Amino acid sequence: MVCSNLAQRESFIRDYNKNIKLATNNVDIIITQCKIAPTEQQKCLEIPIPTGGLKLLFNSKTVNGSKRIEVSRMSNWDIIISKDATVSDKYAMEEFQNWFEKSTGIHLPLHTDKKQAEGHIYIGRASTLDHSEIDDEGFSVIVEYNQIIITGGGTRGALYGVYQFLEDSLGIRFLTDDHTHVPDSSNLAIPFGNYTYCPPFSFRWSFYRENSENPEFAARRRVNTVTPAEKLGGNVPQQLINHSFHQLVPFSKYGEKHPEYYALVNGSRHTDTNGGGPQLCVTNPEVIQIAAESAIEHLNNHPDQKNISVSQADTENYCHCDNCETINQAEETPMGSQLSFVNSVAKLIKENYPKVKVGTLAYWYTRQVPKTIRPDPNVQVQLCSIECCTLHAIDDPDCEKNRSFCQDMDDWGGVCDDIWIWNYNTNFSCYDLPFPNLRVIAPNIRYFLKNNAKGAFMQANGNGLTGEFSDLRNYIISSLLWNPELDGDDVFEEFIQLHYQSSAKPIRKYLAMIYDNAIQREVHPNCFPSAEEVGLDLEISEKGLSYFNQALELADDDTIRARVEKASICAYKAMILTGEDLEQEKRKKIINHYIGLVEKYNMTHVSEHKLAAEYFAEIKF
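If you read the sequence shown in the numbering used here, its first letter stands for residue 1, the second for the next number, and so on.
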């Protein structure tokens, strides 16, 4: 809600503080300030509280500050089931019913006849409101007199509207797959209002295994890429733009009889299948035809899919034949032959599927825009930031390492109207090592949006559970992908306070120390850094471990203690990597404690390509 004038804001604050008491960490949370949000698209009342700020999102033009629904008087309300309710609508109703009861103590029955209750909740198709103009995942929330209406577009809109309402109006926070913060909202008064929201990113993937293994939790975080489950609205009908040459023209099928289909490297056809290779000879007309036919066959089997990937293997061994080299030299980048190939395949696909987009990666040696070749209108480009510094914001003008990416992003934005982003958010060589990038997640996502990115794949330790602060990172990333206007510091603080509670202060100090130390040492780590490259030494590692010991001392129950222990794995990993000169018995004790924590909290991988159990064999005395 945006309060339209000072008097209204002050009145709202008084009334809200009178009606709501949210207990967190044994303190009462009250509104202390109210301000108008800076943009017309994201109007909201910001409530600075110790948890980072609850945000009530309603349209200011339709809010009456004196009118509200008192939750305590909703005991005779119900939820209306439409006869044509979809599976996802029914699940949205169940989610509303479940979390509303946990927060307020009021059980709202499901009815088909609205005459049975004093007030009604309408969700999805239960409302007669026209939602045809709402985007696929957009929704509208209306609060007035004796009804609350939550309706949405597509298969996920209403469900996402329910989660937004629960967060904004009741203060519920879906923090981790096993921790939902549910405040007592029994004395809350919900102000009248009308709010419509459409997420700016149509493709949102916070790439954590915690999401993929818990799709219900992923839906609550509005990550739309992890499951085809009908009750959750299914996957977004767009696939990740990824390495796909090996799928389109598989070497196992064509390699023996047609080596000319594959990249010429150092005078011979390259046959290495690592990294999804070998690369294709992208100027070979037969390769173009086969790739297009493979893509069309896939689309025939997946008629609802809105895009398909046609992109290079994850290897630098691209084709150097005369035809490919001629194009690349003229275009001053290997992306010349790559994009020419993609355009040719896209033309053939368009004959059968005119509305399907053909996606390709601007990655590594193909990141630069060709001199003259431009993507066809049905081609989308996913720009990859793998070379970037992860400590500084991508658009930080003082970080020389990131300037070339910004230039490439500007250049691609000038020639393509369908840009996606592949961004890197963990240390892929060491999942559990401190990785100081938390402060740049929010500005990076806003930078991508500002430059018209329509989808974002935020890659992290998606193949392994329990990476360094993976719960916190997933919360921040998924929050900002859903609403890039949120303050990243507020989201960070909200999680730290609610999740670690009595132990929050030393955890906060630890994370600040790790980041500030890296800044002071003027390092510029990529997404594969060593301990030294993120600014760690034994002194910093020992100081970091001391913060976790303080946090354990402050933990006032076993649940909080377990959360702190899980988070401390990264501090022990730092000690192992920087403490090679420690006295042997002390080092042995640290290693054994580390192994015990990893096993206890099911950390499956220590890096992208190494299981934790394999690593144990390397470090055990």
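Treat the hints loosely; a few may be bogus.
Restraint ranges, calculated between C-beta atoms of paired labels, are given here [unchecked claim]:
#	residue 1	residue 2	range
1	D272	K610	32 to 40 Å
2	D537	S429	13 to 21 Å
3	Q305	D272	56 to 64 Å
4	L582	A613	22 to 30 Å
5	L129	N242	37 to 45 Å
6	K347	D537	53 to 61 Å
Below, computed lysine-lysine pairings styled on PhoX-like, alpha-carbon distance capped at 20 Å [stated by the list, open to error]:
#	residue 1	residue 2
7	K306	K347
8	K620	K586
9	K253	K306
10	K620	K610
Hint data in this document are derived by calculation from the structure and do not stem from the laboratory.
Quantities reported herein were computed from a predicted structural model and do not represent experimental measurements.
Even for Gly, the Cβ is constructed at its ideal location relative to N, Cα and C.
### Task
Give me the numbers of the hints this structure contradicts, sorted from smallest to largest.
Those not satisfied are hints 1, 3, 9.
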